[in-house]
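Using the hints provided, position chain B relative to the given structure of chain A.
Here are the chains, one letter per residue:
Number of protein chains: 2
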Amino acid sequence: MAKKNAFYAQSGGVTATLNTTACAVIETARRHKSKIGKVYAGRDGIIGALTEDLIDTSKESAATIRALRYTPGGAFGSCRYKLKGLEENRAQYERLIEVFKAHDIGYFFYNGGNDSADTSYKVSQIAQKLGYPLICIGIPKTVDNDLALTDCCPGFGSVAKYVATSIREAGYDVASMARTSTRVFILEVMGRHAGWITAACGLAAEQEGDAPHLLLFPEIPFDQDRFLAKVGEIVKQHGYCAIGVSEGLRRPDGKFVSESGLRDAFGHAQLGGVAPLIAQLVRDQLKLKYHWAVADYLQRSARHIASKTDALQSYAVGKAAVELAVKGRSGVMPIIVRKSSKPYQWTIGVAELKDIANAEKIMPRDYITEDGFHITAKCRQYLEPLVRGEDYPPYRNGLPAYVKLKNLAVPKKLNTEFKI
Amino acid sequence: MAKKNAFYAQSGGVTATLNTTACAVIETARRHKSKIGKVYAGRDGIIGALTEDLIDTSKESAATIRALRYTPGGAFGSCRYKLKGLEENRAQYERLIEVFKAHDIGYFFYNGGNDSADTSYKVSQIAQKLGYPLICIGIPKTVDNDLALTDCCPGFGSVAKYVATSIREAGYDVASMARTSTRVFILEVMGRHAGWITAACGLAAEQEGDAPHLLLFPEIPFDQDRFLAKVGEIVKQHGYCAIGVSEGLRRPDGKFVSESGLRDAFGHAQLGGVAPLIAQLVRDQLKLKYHWAVADYLQRSARHIASKTDALQSYAVGKAAVELAVKGRSGVMPIIVRKSSKPYQWTIGVAELKDIANAEKIMPRDYITEDGFHITAKCRQYLEPLVRGEDYPPYRNGLPAYVKLKNLAVPKKLNTEFKI
Numbered sequence: 001m002a003k004k005n006a007f008y009a010q011s012g013g014v015t016a017t018l019n020t021t022a023c024a025v026i027e028t029a030r031r032h033k034s035k036i037g038k039v040y041a042g043r044d045g046i047i048g049a050l051t052e053d054l055i056d057t058s059k060e061s062a063a064t065i066r067a068l069r070y071t072p073g074g075a076f077g078s079c080r081y082k083l084k085g086l087e088e089n090r091a092q093y094e095r096l097i098e099v100f101k102a103h104d105i106g107y108f109f110y111n112g113g114n115d116s117a118d119t120s121y122k123v124s125q126i127a128q129k130l131g132y133p134l135i136c137i138g139i140p141k142t143v144d145n146d147l148a149l150t151d152c153c154p155g156f157g158s159v160a161k162y163v164a165t166s167i168r169e170a171g172y173d174v175a176s177m178a179r180t181s182t183r184v185f186i187l188e189v190m191g192r193h194a195g196w197i198t199a200a201c202g203l204a205a206e207q208e209g210d211a212p213h214l215l216l217f218p219e220i221p222f223d224q225d226r227f228l229a230k231v232g233e234i235v236k237q238h239g240y241c242a243i244g245v246s247e248g249l250r251r252p253d254g255k256f257v258s259e260s261g262l263r264d265a266f267g268h269a270q271l272g273g274v275a276p277l278i279a280q281l282v283r284d285q286l287k288l289k290y291h292w293a294v295a296d297y298l299q300r301s302a303r304h305i306a307s308k309t310d311a312l313q314s315y316a317v318g319k320a321a322v323e324l325a326v327k328g329r330s331g332v333m334p335i336i337v338r339k340s341s342k343p344y345q346w347t348i349g350v351a352e353l354k355d356i357a358n359a360e361k362i363m364p365r366d367y368i369t370e371d372g373f374h375i376t377a378k379c380r381q382y383l384e385p386l387v388r389g390e391d392y393p394p395y396r397n398g399l400p401a402y403v404k405l406k407n408l409a410v411p412k413k414l415n416t417e418f419k420i
Numbered sequence: 421m422a423k424k425n426a427f428y429a430q431s432g433g434v435t436a437t438l439n440t441t442a443c444a445v446i447e448t449a450r451r452h453k454s455k456i457g458k459v460y461a462g463r464d465g466i467i468g469a470l471t472e473d474l475i476d477t478s479k480e481s482a483a484t485i486r487a488l489r490y491t492p493g494g495a496f497g498s499c500r501y502k503l504k505g506l507e508e509n510r511a512q513y514e515r516l517i518e519v520f521k522a523h524d525i526g527y528f529f530y531n532g533g534n535d536s537a538d539t540s541y542k543v544s545q546i547a548q549k550l551g552y553p554l555i556c557i558g559i560p561k562t563v564d565n566d567l568a569l570t571d572c573c574p575g576f577g578s579v580a581k582y583v584a585t586s587i588r589e590a591g592y593d594v595a596s597m598a599r600t601s602t603r604v605f606i607l608e609v610m611g612r613h614a615g616w617i618t619a620a621c622g623l624a625a626e627q628e629g630d631a632p633h634l635l636l637f638p639e640i641p642f643d644q645d646r647f648l649a650k651v652g653e654i655v656k657q658h659g660y661c662a663i664g665v666s667e668g669l670r671r672p673d674g675k676f677v678s679e680s681g682l683r684d685a686f687g688h689a690q691l692g693g694v695a696p697l698i699a700q701l702v703r704d705q706l707k708l709k710y711h712w713a714v715a716d717y718l719q720r721s722a723r724h725i726a727s728k729t730d731a732l733q734s735y736a737v738g739k740a741a742v743e744l745a746v747k748g749r750s751g752v753m754p755i756i757v758r759k760s761s762k763p764y765q766w767t768i769g770v771a772e773l774k775d776i777a778n779a780e781k782i783m784p785r786d787y788i789t790e791d792g793f794h795i796t797a798k799c800r801q802y803l804e805p806l807v808r809g810e811d812y813p814p815y816r817n818g819l820p821a822y823v824k825l826k827n828l829a830v831p832k833k834l835n836t837e838f839k840i
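The listed protein sequences derive, respectively, from chains A and B.
When you number the first sequence by the working numbering, it's gap-free, plus one each residue, and the end is 420.
When you number the second sequence by the working numbering, it's gap-free, plus one each residue, and the end is 840.
Bound-form chain A, shown alone (with noise of 0.2 angstroms):
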């Protein structure tokens, strides 16, 4: 193929290790200018492709972008914007084509989760049918660890490493005034659908009566009675108790426990907040004194506290996404394959967008308890090397140096609008 520009857009939640991935795909790119012309990145995601609002990254310095590698968030922006079936929307994609046939895109690289795995695939069909040449990539990222095939998701790590210190330095602190203070800590953690993040807080337990004590994971509907009964005891036990909660967590009938309770003085239900609800029952039920914690965004942009290994292979799906294209590569997505868990050993793979699309990797039941309650062995086998290693950021005036994009646009040559 001639020399021709790429398109890198960041899909969906940001993460703390997305741009490492973007810095990544563009330090690549300008070691391949006999392949690659320019790197322009969607404002805003896929909007910005489609409403021909391009951002030259050319623009920024080397400096810049390798200050990228240790920014949070998503530096171009992200949405949540999901292309619907090729048929049912011929128009958006026949407009992509369109806009990157005006920029002389030749490399399409799109680095999100499930949805934006299914969008470069249906693009990379697209293509073909209207016979233009473009090499479709897509690059995994998700906090939720819910992609298929690979072994992990950039971006999980770090958030894992996050809330396990979090919960283990909050149980320190409920450890020493719990016999005439707190008794039981609640954290809540993010994961709607998958205890992937509710898991890795179980990491910080260690050993015998270290924090956390007990986790309630959305795939375990919330038996309460069994759950106060088990608090009950860990604090007879323990002195203390200290919880991780996934945000999805369920009643029994499959409703959300954090939309079935509090009401404010309008009797509008409370959007959010499972760890409030929870410390309500502690306390009306067992009358213990409590803390909760919702870490919300914090836990998904704590840059400060990434893991190395997840830094790394952020870096390293980036990386080969730009070297799979190279060498004419498309519908296909990079992946984290391991090789070995001690010691923990990991390469690079590629898996075919068509398989990886829509599809889902939720927690295996043995990586839960037989009670529920907690974390296996197997599953600390998995999580553990996740979150190994630590990967600081600069620092200015005692906070994290992190950097700020001029995100210049790209002239638009087309004159069409395009309404999203």
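For the record, the hints were derived by calculation from the structure and aren't laboratory data.
Just to be clear, a hint being listed does not mean it is correct.
The calculated SDA-like cross-link candidates involving lysine to any residue, where the alpha carbons are at most 25 angstroms apart (straight line), are [said to hold, decoys possible]:
1. K419/A <-> K656/B
2. K502/B <-> R179/A
3. K707/B <-> I97/A
4. K826/B <-> L408/A
5. K84/A <-> D473/B
6. K728/B <-> K342/A
7. K342/A <-> R816/B
8. K59/A <-> D630/B
9. K656/B <-> L408/A
10. K236/A <-> K826/B
11. K236/A <-> D473/B
12. K404/A <-> Q801/B
13. K289/A <-> P831/B
Chain B only, in chain A's frame:
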């Protein structure tokens, strides 16, 4: 004074660097073997002294005591037990002296906030009255940063670094997706009576447009209409708005905002959680998508991102306390004296406990901007040196390697029980 044992107790809410001070006290005492015998710690603070439940720190190795330097919480246990007035409850004070006498304790180190300074002062008075030779030293500690005379309080700088880092990181996250998703992010932080921690969030906003855009201080009565108008303006200008709010935010009538809103299905008021209330207001009145986080204990136990300045100062006050004691000084507290802000220079000074006891350092009004929604340059100049430098703990298996002590009890010598 002949060689005597020392008693050390931790008091009140724990911090990320309270054990750093404990480490300094024990390490320094071990270097003064001619004057100080063993260091006994109170199990769960002053309660340990009253109930003759003393911990023998000499049973811990030098390596373990060193590891305390990097461990959050209160390693010997803490409590919020406040001794009453001397005349009101003379029996308690006499009991303390009785326990000290039984264990040959000639040094009393009390590590806490305002109440603790008051208690230390009263203990020194009663010892004098009873003719018992006791050197009483207060050691400052509080995340609230509200102790008089000392320029800042050990423990505060690390919370400050944590909240500023967290809201900066969450700001990068929200900025990435604001166009199609969350527009308003709210982080709730501690500080029920003083806005020092809320102010520290403001450090993250170094340039126009940086998060946080808006701070809600406990010192400034919450004006709902002005707040909503301001949020609307900020979202219009920057696309999103990141807010730091104190748990102690009050309505114009003086009531806590957190006590005035949510009720559970049974009509019980929800305790704590001002962030979700502010979030609902934003949703109901401005129709903007929001997210909120409550940092709770995470902020004061986050040893993984402790401030180096804070860690050094926390160690320095513990060391100075012992050095003052062996020189025969009593009724005093080592404090942090700022010699200059640019460059930041500090030293350890000495203050009289009677001047610190029950005084309170409030946020100067000129540390808050005139509109009440942010910090001034003067505030930034005060705060910025306190978060400087990193002081990373060691890691094991990807998580901070914190230590747990054996906490072996000193055999009791009194046959009396004491009800607390």
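Which numbered hints fail: 3, 4, 5, 6 and 13
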